[in-house]
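Chains as they are written, first to last, in the numbering used here: chain A, 2 to 239; chain B, 2 to 239; chain C, 2 to 239; chain D, 2 to 239; chain E, 2 to 239; chain F, 2 to 239.
You may find that some hints are simply not true.
Given that identical chains are not distinguished, each listed pair holds provided it fits within a single copy or across any two copies.
[To be verified] Result set (DSBU-like, lysine-lysine): computed pairs, CA atoms no more than 30 Å apart in a straight line: (1) 191 x 143; (2) 141 x 101; (3) 191 x 101; (4) 191 x 141; (5) 143 x 101.
These are computed hints drawn from the structure, not numbers from a lab.
6 protein chains.
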Amino acid sequence: MSENRQRSILVFGAHPDDIEFGCGAVLLKEAGEGARIHFVICSRGESGTNGSPEQREVECRTAAELVGASIEFLDCGGDSRIESTRAIAMMFAGVIREQKPDLLLAPSLVENQHPDHCSVGRAVRDGARLARYAGIEELKTKEAHAIESLFYYAITPGAEPVGETALVIDVSEQIDSWRGVMACHASQMKTRRYLELQVSRSRTLGLQAGVEYAQALWAGDALFLDSLNSVPRGIRLF
Amino acid sequence: MSENRQRSILVFGAHPDDIEFGCGAVLLKEAGEGARIHFVICSRGESGTNGSPEQREVECRTAAELVGASIEFLDCGGDSRIESTRAIAMMFAGVIREQKPDLLLAPSLVENQHPDHCSVGRAVRDGARLARYAGIEELKTKEAHAIESLFYYAITPGAEPVGETALVIDVSEQIDSWRGVMACHASQMKTRRYLELQVSRSRTLGLQAGVEYAQALWAGDALFLDSLNSVPRGIRLF
Amino acid sequence: MSENRQRSILVFGAHPDDIEFGCGAVLLKEAGEGARIHFVICSRGESGTNGSPEQREVECRTAAELVGASIEFLDCGGDSRIESTRAIAMMFAGVIREQKPDLLLAPSLVENQHPDHCSVGRAVRDGARLARYAGIEELKTKEAHAIESLFYYAITPGAEPVGETALVIDVSEQIDSWRGVMACHASQMKTRRYLELQVSRSRTLGLQAGVEYAQALWAGDALFLDSLNSVPRGIRLF
Amino acid sequence: MSENRQRSILVFGAHPDDIEFGCGAVLLKEAGEGARIHFVICSRGESGTNGSPEQREVECRTAAELVGASIEFLDCGGDSRIESTRAIAMMFAGVIREQKPDLLLAPSLVENQHPDHCSVGRAVRDGARLARYAGIEELKTKEAHAIESLFYYAITPGAEPVGETALVIDVSEQIDSWRGVMACHASQMKTRRYLELQVSRSRTLGLQAGVEYAQALWAGDALFLDSLNSVPRGIRLF
Amino acid sequence: MSENRQRSILVFGAHPDDIEFGCGAVLLKEAGEGARIHFVICSRGESGTNGSPEQREVECRTAAELVGASIEFLDCGGDSRIESTRAIAMMFAGVIREQKPDLLLAPSLVENQHPDHCSVGRAVRDGARLARYAGIEELKTKEAHAIESLFYYAITPGAEPVGETALVIDVSEQIDSWRGVMACHASQMKTRRYLELQVSRSRTLGLQAGVEYAQALWAGDALFLDSLNSVPRGIRLF
Amino acid sequence: MSENRQRSILVFGAHPDDIEFGCGAVLLKEAGEGARIHFVICSRGESGTNGSPEQREVECRTAAELVGASIEFLDCGGDSRIESTRAIAMMFAGVIREQKPDLLLAPSLVENQHPDHCSVGRAVRDGARLARYAGIEELKTKEAHAIESLFYYAITPGAEPVGETALVIDVSEQIDSWRGVMACHASQMKTRRYLELQVSRSRTLGLQAGVEYAQALWAGDALFLDSLNSVPRGIRLF
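Bound-form chain A, shown alone:
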């Protein structure tokens, strides 16, 4: 992976706050290191208990701006109605071809969470394959693109993949800006418990890893290394 050019990261979220809660601290870190980040938001959260679609879009655009990410909204059938159809995957493949990211981030595939999360995760996984196949009729106007890696993020602790190696990233220096990014979603802050859950989760993981705060991603694919010189160290404090 060439290190002297700007990395490009494409992140999909089902609802306006999923990305910020699930991997916001990591993205702040990457943005700080010069990555180009693009958010794709698959609904306006219009089925949630709090917040109008307009309000939620504004909150989300503000948060993306704080992260330094560009943003677009896709119509995937509406909040709570996102299914993992091939048509959705095809639409995602189109965005992947447009954005040509190095890294792709998506919600985890765990089924026992908000069903939109898993639907988006699956459609991203499949869309990343479709983006490579040059013969797909409706995608032909866009150049085929192969990403480097797809990683999953977990919006809640219950959505963390089981039985896969976690990739843990130090976000100690991002903790304050991350709180700010999450707080953009004012309509979801009736209580601050959801924000606090994320910070507490990050603190627990950081203490395990020997840093202050951390956030994890999960790889669905085997990982390729040039040599052990670039191998990540293991988390072995306990």
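Given the structure of chain A, go ahead and fit chains B, C, D, E and F onto it with the hints provided.
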């Protein structure tokens, strides 16, 4: 992980040829990049069908020399008698304190293989913890040491861990020297099928990864990354 | 299972080359022992990077002929658009009732592969149940049929089911004819790496099993034996 | 597997009644088809709540006679004291070399059962490997032997392996003789609930398989088939 | 959980007899303890081999009456055509909002069973989430509702979830009334084997648990306890 | 489970602080509800980096007193030398017969943690079975005893069992007293990070469960319920 100093790798094998067959190509690559490598061999293969203990020790020393590794033999009860006792783990912890490696490599923990392999794997895993605890009486003469990472290698396809993310390393340039290292174990070459199994396995994995030949390791711990800049790419050809 | 009549095998593939790459050697062996084999191909590979639909159909028909199999193409929505809907399963159930196979072969259910593969696998699994239920309105013109067994094949190493017992079949004598069958897919042979991957995978498995070349299938159901006289032997070389 | 000679089956049990309860019906069937069967009993059940060691040995010898099996008792440290040490595995390897079985049966490896069961299962698994290695000093007086297959039986429902393909055998015709064999263990029949558990379990499995009564074994290894002509049918009634 | 008011249980079944076969004995017990029970039947079994839709509806209504449950039939596309779409989940969410149950019961999510079973299970799982989100447009006429618990039942032994803790309920006193409830489905009693399978399964489980008959449910979520005073005891007879 | 008598809980810990860190808050709650609690500590932590054995015993006795638990120390070979032998399980069985607990708590069986933790967990699991068998010679002076339940606690997040249903207990009111109990282990408080890890973990779990703080246990056995009236509610906030 500081990249401008010599990495130190400590590798445990149950029998004289396990290391070469299970992760020899990776070690050749690391040696070529300047790593300091030390082999610990836990038996002289004296229970195998072919080869005397003396012959097997010579073969193993020759192979280590080709890799550029230093080598020592430990008495762990004898070939086919190695158990994963705490006494063995304590002995391994002692070696770890002496060698102070960055990386530790051990046979995988899969139970349905030669029982010595799994025993050594478990004792290395436990020994790596014991090496850190400063109060252990019989280890007090040696300074406590915390490794960076423990990775497992699989001596046969059936020993590959299931449900853990594989770390795949390109060994295309090492394939010839690796054949040479494996061939040092002349007593085990009655037929060349065992060597050929390893090369065929490596070729299959390489073709999956988009290179000529590859060899995999498995991490038992979550992995810690400074940022996504250093994240390995995923294997996604198919 | 009566051994003195011709076995009937029905094989589903998502794309024109899936069957040949995933279980072609096994089918050549079965054909050689007198089995009646029928291919159902669920697309013409029209979304692939290479090869026109017409060319791919011709390649596939040629390959089927080499295997000695009859063949039909189904319209399942098009290459890269095959979903595991009940309508597809119902269509597959209709074919199962027509062909009345003893054995059914389908792509594995692993999700992290070309999404069409998994879709076809699931629809075959469900279709095999629907084929038995006598009251299904749109299938009433065809006699209900219960297959003996459903086995899954893996088109790539990454599609091999984890945590299920593999059934490994010696295909040493079929290796040359299998190469020939795979080579029929000339449009996919821009490089020979895909063919070589299959041969290398088969060689690796064969060396594990103590033969020259082998190919595996996986059973999704518990297996029923009249007695241990007919139990397959275990693979225990290592 | 040559079918025109007498099969040889070696079965290990931790306690005097384990074999009869866990796979007695299968063994009665095999004996009826001409198999030579040998029981190795690793304790005299002297730590159980009911029955003296002398009584339990007599019960076990009577049951073995009903099955038509020869029998021997090994001293493995005593009932409730059997550990899976290499010394025990070595002793088992010696018996395997003496008996030269085609098939080996052992208690399942599930840990959450009577600890002796799992210990014997592990030691049999390891002993089957040791039996093959020609260089093991203390076994040199006995010719090395490679078995064809190792299968596990489950003494209780909770001991059934999870995530492995079950091999289900029709024992409908053996149900009465099996009851008789289990009833030999009169000291364990204070209530008939344990015998009834086995019969009820067998009935439940038989109804699933479409026969009257059935008993399952589990293979720890991949299975090797000459062709699909000899493949067991799947259990697919529901 | 307040114990001095009537509990409310909502149960979904794909076909007219699924509930009775899969958790009928548990429901009889709960009804006997004063629970209010409502059945939702998602087809009239019109694709089954035996019984007309009219007959099956009558059978089901009779069975529900014996249980003391109210009942409704939903149109989910028809027997053998039930898919786990968001539209179905939305419809189920509507019923959940109407019925406002404490407990929700659904068929297990195991895929290798009648595909309607798994579809209904998934749609109930997702519907239980949707029932809570206040902003969903088409559900706005009904008050949002959060259930206490969702448990899964297994219609056949092959549908029992693997790797999740079973919750086992003593139904010894319900065995006769349960037989009666199952027998209401006269059209499915061509042979009594299906009924007998359930009774045999229940007997096997009861013998494991130290009672006469038992039936199990499985929780998809972590369980919340006020204290260990209310913790269920473990099943540890063997 | 009779609720009008004092419950008895027996807890095993490998080192002087394991119980307090792994399940201290739960025990404080149980003690507050009148349970009789007994600690068995299997070493004096003499191999740890900080604290003399004498100091650690005093710390542990102080903590147990704060919990209101009686305490005893067993010699299991010494800190970092505890193996899961049958002799240790037999010793534990003796304590179980003496204490006659209703509930038994032990460290989880996850292998990738301090090896003493897993060893103690396994020996408790096996000891709980041995405690029931009336014929065991060296235990005959003590009356056989069958516990009601065995639950596992996780000393670190990495030790939490995967794929088993968690039982989550509200410890919001115990959080301050729990901090006090953990703080008794002054020698382990060089930094307060270990204590903070536990509190942060408990906070994260509490936020998931809708309370302030929570702690989890895991059941190794199926759970037995009289009826759904006593079933714990599911954790379903997200």
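Results of checking the hints against the structure:
no.: 1; hint: 191 x 143; verdict: between (43 Å within a copy, 23 Å between copies)
no.: 2; hint: 141 x 101; verdict: within (15 Å within a copy, 40 Å between copies)
no.: 3; hint: 191 x 101; verdict: between (38 Å within a copy, 25 Å between copies)
no.: 4; hint: 191 x 141; verdict: between (46 Å within a copy, 21 Å between copies)
no.: 5; hint: 143 x 101; verdict: within (10 Å within a copy, 44 Å between copies)
Figure legend: structure checked against the earlier numbered hints; every hint is met.
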